[in-house]
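Q: So the chains spell out like this:
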Amino acid sequence: MKTLPCRWPTVALLALILSAGAIHFHPQLAAAEETCGEFGTSVQFVESPAEAGRLALKAEKLVFVLHVSGYFEEPDFT
Amino acid sequence: MNALANPAVGEFLNEHFVSSFQKVGTFQIVAGQKQGGNVASYFCAPDGRVLHVVAGPVDSATLLREARWVVDTVKQSLDEYEKSGTSFKAQIREAHAARLAREHGLKVEAVTFDSPAPGEESALSYRDPTGKPLAPVLQLPPIDGPDVSFNEAGQAAARTSPGAKEVVDRIGRRWVLGNQGQVHMLLAGHSLKKIETMYGSVFEGILGEKVSTKPVIVTTPFPWVARR
Chain A
0 MKTLPCRWPT
10 VALLALILSA
20 GAIHFHPQLA
30 AAEETCGEFG
40 TSVQFVESPA
50 EAGRLALKAE
60 KLVFVLHVSG
70 YFEEPDFT
Chain B
0 MNALANPAVG
10 EFLNEHFVSS
20 FQKVGTFQIV
30 AGQKQGGNVA
40 SYFCAPDGRV
50 LHVVAGPVDS
60 ATLLREARWV
70 VDTVKQSLDE
80 YEKSGTSFKA
90 QIREAHAARL
100 AREHGLKVEA
110 VTFDSPAPGE
120 ESALSYRDPT
130 GKPLAPVLQL
140 PPIDGPDVSF
150 NEAGQAAART
160 SPGAKEVVDR
170 IGRRWVLGNQ
180 GQVHMLLAGH
190 SLKKIETMYG
200 SVFEGILGEK
210 VSTKPVIVTT
220 PFPWVARR
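Protein chains in written order, with numbering that gives the first Met the number 0: chain A, 0 to 77; chain B, 0 to 227.
Treat the hints as calculated values from the structure; they're not laboratory data.
Please note that the accuracy of each hint is not assured.
FRET-style restraints, in silico, Cβ to Cβ [claimed, not checked]:
no. : chain 1 : residue 1 : chain 2 : residue 2 : range
1   : B       : Pro115    : A       : Glu37     : 40 to 50 Å
2   : B       : Thr159    : A       : Glu37     : 26 to 36 Å
3   : B       : Ala155    : A       : Glu37     : 36 to 46 Å
4   : B       : Trp68     : A       : Cys35     : 21 to 31 Å
5   : B       : Pro161    : A       : Arg53     : 30 to 40 Å
6   : B       : Arg126    : A       : Cys35     : 30 to 40 Å
7   : B       : Arg64     : A       : Cys35     : 23 to 33 Å
8   : B       : Gln75     : A       : Lys57     : 21 to 31 Å
9   : B       : Glu10     : A       : Lys57     : 12 to 22 Å
Cut-off 20 Å, straight-line C-alpha distance, at most; resulting in silico cross-link-like pairs (SDA-like, lysine to any residue) [as the list claims (entries may be wrong)]:
no. : chain 1 : residue 1 : chain 2 : residue 2
10  : B       : Lys193    : B       : Phe112
11  : B       : Lys193    : A       : Leu54
12  : A       : Lys57     : B       : Lys74
Backbone N, C-alpha and C fix where the C-beta goes; we use that ideal spot for every residue, glycine too.
Please model the complete structure; the sequences and the hints are all you need to start from.
A: What follows is the structure, given as structure tokens:
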């Protein structure tokens, strides 16, 4: 399978198409504790979706957000 | 294999995405048993509009396949937008409708425009335990019926897939869709909407978990990891 380059300038176009610049995550997310880390996974997480959006825009990447409820404890997933 | 702990998943997600997490619900202990607890994985544009969702826990191969599909589809759609000016949103919604037909055997017409949002005070809202509205109930595009390639084996597989649920097409025939089929149906009508608009329909509408809060930041998505 063809692997895409890590960063494509076209993601900047996506930001334009979507009228980006403003990060639209819920305002309740503003105050965040420092939570960066991998938490036992191979994925590097940043502190909030808003921060992820800012970094993604800068790095020309997309955003991955996990929504969990309570103590979601699924060894096959995590 | 643990999906998020898988090195290939980590490498791909770290290369193409910036990742974060939120909490959207709680769980209850009833008769010593934990009830509730689930996960939804959102692939979004940098401004938080949802491109794709994986509802519920999946294995590493599935998560990697879906992440790759997002990256490839976004790239193709942006190329097409540059070439022909075709709306990016319409292309993403049509891509979900195409996957619903190809992989789940049901046809829906992708909704390429957005009708006015009902607002949080609408009667059709997901609500917290106090009755406060949290997110709108998003109406799914109607099912036209089976795709030409539809076969009974697909329905048999759907009946045993996670989150299998009965859906009704335009003329009242009943079909079964698992979590991912329902995701494609939802996103054929609503992809590129903000995550806080979508999460109720994903977490409560598809996964059947009660959303008890707006998405909020937590210090760790997996508190038990430190205890291992």
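Q: Which hints, by number, does the structure contradict?
A: Hint check: nothing fails, all pass.
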